[in-house]
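Colleague: Quick mapping for you: the protein sequence lines, in order, are chains A and B.
Quick note: the first sequence, position 155, residue 207 per our numbering, numbers continuous.
Quick note: the second sequence, position 4, residue -9 per our numbering, numbers continuous.
The hints are simulated quantities; they were obtained by calculation from the structure and are not laboratory data.
Among the hints, erroneous ones may be present.
As the list claims (entries may be wrong) - Listing some non-contacts, in silico: residues in chain B with all C-beta distances to chain A over 12 Å: (1) A(-8); (2) V60; (3) G67; (4) D160; (5) G211; (6) R290.
Said to hold, decoys possible - Computed, partial: chain B to chain A, Cβ under 10 Å: (7) D134; (8) W223; (9) A226; (10) V230; (11) D300; (12) L305; (13) D312.
Unchecked claim - Far from chain A, some chain B residues (derived; all Cβ distances over 10 Å): (14) A7; (15) R49; (16) S53; (17) D64.
All values derive from a computational prediction rather than experimental measurement.
From the three backbone atoms N, C-alpha and C, an ideal C-beta is built for every residue, glycine too.
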Amino acid sequence: MTTATTTRQTVGTPMTRVDGLDKVTGAATYAYEFPTPDVGYVWPVQATIARGRVTEVDGAPALARPGVLAVLDSGNAPRLNTEAQAGPDLFVLQSPEVAYHGQIVAAVVATSLEAAREGAAAVRVSYEQEPHDVVLRFDDERAQVAETVTDGSPGFVEHGDAEGALAAAPVRTEAMYTTPVEHTSPMEPHATIAAWDEDRLTLYNADQGPFMSSQLLAAVFGLDQGAVEVVAEYIGGGFGSKGIPRSPAVLAALAAKHLGRPVKIALTRQQMFQLIPYRAPTIQRIRLGAERDGRLTAIDHEVVQQRSAMAEFADQTGSSTRVMYAAPNIRTTVKTAPLDVLTPAWFRAPGHTPGMFALESAMDELATELEIDPVELRIRNDTGVDPDSGKPFSSRGLVACLREGAARFDWALRDPKPGIRREGRWLVGTGVASAHHPDYVFPSSATARAEADGTFTVRVGAVDIGTGGRTALTQLAADALGIPVERLRLEIGRASLGPAPFAGGSLGTASWGWAVDKACRALLAELDTYGGAVPDGGLEVRADTTEDVELRASFSRHSFGAHFAQVRVDTDTGEIRVDRMLGVFAAGRIVNPKTARSQFVGAMTMGLSMALLEIGEVDPVFGDFANHDFAGYHVAANADVPKLEALWLDEQDDNPNPVRGKGIGELGIVGAAAAVTNAFHHATGQRVRDLPIRVERSREALRAARAEAQKRGPGAAEQGKPVG
Amino acid sequence: MKEFAYARAGDAAEAAALMAERPDATYLGGGTNLVDLMKLGVAGPGLLVDVSRLPYDRIEHRDDGSVLIGATVRNGDLAGDPGVRERFPLLAQALLAGASGQLRTVATVGGNLLQRTRCVYFQDVSKPCNKREPGSGCPAIGGAHRDLAVLGTSDHCVASHPSDMAVALVALDAVAHLRSVDGTTRTVPVAELYRLPGDTPHRETVLGHGDLVTAVELPPPPGGAAMRYRKVRDRWSYAFALVSVAASVAVADDGTLADVRIALGGVAPRPWRARIAEERMRGGRPDEETLREAARAELEQARPLPDNAFKVDLATDLIVAVIRDLVARKDRA
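All chains should be modelled from the sequences, with the hints used to inform the complete structure.
Modeller: The structure is reproduced here in structure tokens:
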């Protein structure tokens, strides 16, 4: 313990992760690792059809194997409260209906993992199969406008008259864009230990929101609120997939209840692709209308994405388009088509990520059409008020980010002409795109306690999914208390620590931090009444920010940024290399520059990966994903990630929240893919509107570029030749 | 639990005896592919005969310029061997283009040659596959086949061989040394080690039960040759080849191609020696037109499917690019 008498502020300094040593030495305990005596192991039996019903589960061959304790199916599994407000994907083994390939249709519990796995392989399941449809189509007649999308707004929003304005616009662009299924792929696969104590359930769970998960599970199991403890001390990444408990967690709790002993489950990587939700694929049409000076007069953004036949889920794919640019006529439509698939769910910056790929590609197309610099085009369309709500922004740093990024990226030296920069066998180009994410804050509670030994304990139902949240909260609490971090003990990662939102929507640090700050300051005030001396038994204060959040002034709250990328394309093969990426962000105060940089750089890498690599290959015949491991589903490897820089601007935000920061986790991915694909266009002169740009699409583009050059005649054959 | 026996052989004779006893026995090298397949339920040997510690772990550079590479030499060690790097750079390049550092440290030369296709249907026991279950059908032909073969395929199987190393070995005319269970030895050119699928895609090599790869022999490199292994894949490391080219070129004083050897990876059920292209190039001038015409002639035999048709043109372009660059000595080691 330090004896320093002066305490320096830690917020804003690059404090090394407080849990880094525990993680790299293995001392940090992840969900699967909690010692549990007499634990059973459950292994799911998964549907090999995509639609129909189970007619028979023959568990006898499994039960005959050594170590097998039970075979569960929809006939003998404990009943859930299927009236609960929860996605039907969670009502595991409650009916023989099969709604998607890979669905849990039975499960084997055994005394060892191996016995459970072998037992599951021995279970014989018979089906009555029905035809399935797993392919998303723009013209799917079943597609309906979503009543609400995941941010709570309607699927259809129109301001002005987009159709009329488009018809009257001097300049118009129209194009279709597609994004594929993307899998969240956290390093730690989903894992759960479930243990019952009469009507109380404890779940050690790979979980982004222990408190909210405990409420959801209480409802699903028909228990009293507060009867479920969820422990999520360390999480190896979630990216939305651990935002709520998924079907394997429910299965573990069902199996534990059935057997009357604790049960654990950990998914294989292959099962992650089959049982854990993914980012819905999208087909998007964007039409822009503009004056010749580049000012937008109309934006029409129409999205068709998939839901499951079981349940609605509609990413907020049109929501960025509603606030980005100052067009008087904006229409956004998000439709969902019901398919025989696992219901999709959140994946880093849900909706905004695919939506901004389309919008920022379209802006680049408009810039090309108008021969206006794409940075300048975005600046010309900046807006002081939110075009959707009409409210002023609490702060909006888009233009500042674009300008700062352009200066640092030597954008002024850029020749706007596409397809002309050649270095050896490579064509080289640069691209830009805007970044955006809403700035959410949810109410939270926290407890601060002064201990008799001069230390302090702060408790908040937060969770650190690998982002650095534990470190940021440590800094915020220590600063609020005016103590060095060594005198602070921070406890997070349990539902029983009190109401708190999940680590999702980039709202964690701002939401939990506000409650932590409030509790700490209230504790100091309370201590003052004791003359600064800690009474016997310590002193504890609880704070809740529900009212504070409600009483915030009415602003439109968002964070913004700008991505710049340089790519090169091999003219022999179509291979694409990203040379460098720069992201500049305005997200209020940055609590910890070190962990913030990791967040931004990580998100930008995911954007690069989305642009060039990631695709869940839908198998129409079997109804599943043909590629379901990391040999077939490619995420960026180190060798793919170039010189990658992230920086942020000082931003004062009109916000009563003492954290004074906006969310940063998701901002870094939004727009990143478009910066890469816009750079590809600048390099080759050809636009690829379907992600990812793998080598076959790149080669198609190069072929089209050569064909165009030939059509222009011998004089135009300069295309692709060295310049300067 | 699915049980299997494990035995570590002290020498080749012991390994052979173990194999002879059990028709369900399989040799285990580094295990980087076989163990995965066992986990997936694709392979289920009753006995693993671990040959990874047999005394075949040396790389012998002989006076005549040939090299004898023991079958248990690890991929990483082979890639790092100074003599190999200097005289057979395309082999070192191919090895380093494969897998990851961790896998290369474990994987053996013998095991690399005998690794199985990464076809997603072969690896998924809930799906039909003629290679895994003869006669059950090939869903890849109408399904996910983007990564699979365009040359040497049949109506029964379009699987591609995943090795990088084997492609380099085939270009270098390497010969595999084999030892049978009865102790007799024989040699087979690596190019002839593999069968094409035909209507028996489950029979992948010419090896009989218990045949053990003990070494791979490289003949002396062609004089004055420049060599290169170039691999096109979805990302810049740790991905299988979409198309790869291993090539060795020697240019005569008059500028014609005196010696040219080309093998293709990622496009066929085996490392594909492009003899037609070589034939057309040999003795000719290495101008773009000649190279392209030769490469096209090789790929004329291709039977592309909708999602892997791009490999035909890509292989053609890659052959041209690699030979062109080698002639310009840009890639000379």
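Colleague: Test the statement that B/R290 is away from the interface with chain A: the closest C-beta pair must be farther apart than 12 Å.
Modeller: Holds, because the least Cβ-Cβ distance between B/R290 and chain A comes to about 17 Å, which exceeds 12 Å.
Colleague: With chain A as the partner, please determine if B/W223 meets the hint condition of a C-beta pair closer than 10 Å.
Modeller: At about 4 Å, which falls below the 10 Å cut-off, the nearest Cβ of chain A leaves the hint on B/W223 intact, so it holds.
Colleague: Taking the closest pair, is the beta carbon of B/V60 still more than 12 Å from chain A?
Modeller: holds (24 Å)
Colleague: Beyond 10 Å on every Cβ pair: is that true for B/R49 relative to chain A?
Modeller: holds (36 Å)
Colleague: Say whether it holds or is violated: B/D64 keeps its Cβ farther than 10 Å from all Cβ of chain A.
Modeller: holds (22 Å)
Colleague: So, as I understand it, the hint says B/V230 touches chain A; can you test that by seeing if any CB pair is closer than 10 Å?
Modeller: With Cβ-Cβ at 8 Å, under 10 Å, it holds.
Colleague: Against chain A, is B/D312 within 10 Å by beta-carbon distance?
Modeller: holds (9 Å)
Colleague: Mind checking the CB of B/L305 against every CB in chain A and telling me if the closest is under 10 Å?
Modeller: holds (6 Å)
Colleague: For B/S53, which was marked as not at the interface, is the minimum beta-carbon distance to chain A over 10 Å?
Modeller: holds (33 Å)
Colleague: Does the nearest C-beta of chain A fall within a distance shorter than 10 Å of the C-beta of B/D134?
Modeller: Holds - the Cβ of B/D134 comes within 10 Å of chain A, reaching about 8 Å at its closest.
Colleague: Report holds if the minimum CB distance from B/G67 to chain A is greater than 12 Å, and violated otherwise.
Modeller: At roughly 19 Å from the nearest Cβ of chain A, B/G67 sits farther out than 12 Å, so the non-interface label holds.
Colleague: Once the closest CB in chain A is found, is it more than 12 Å from B/A(-8)?
Modeller: holds (16 Å)
Figure legend: structure checked against the earlier numbered hints; every hint is met.
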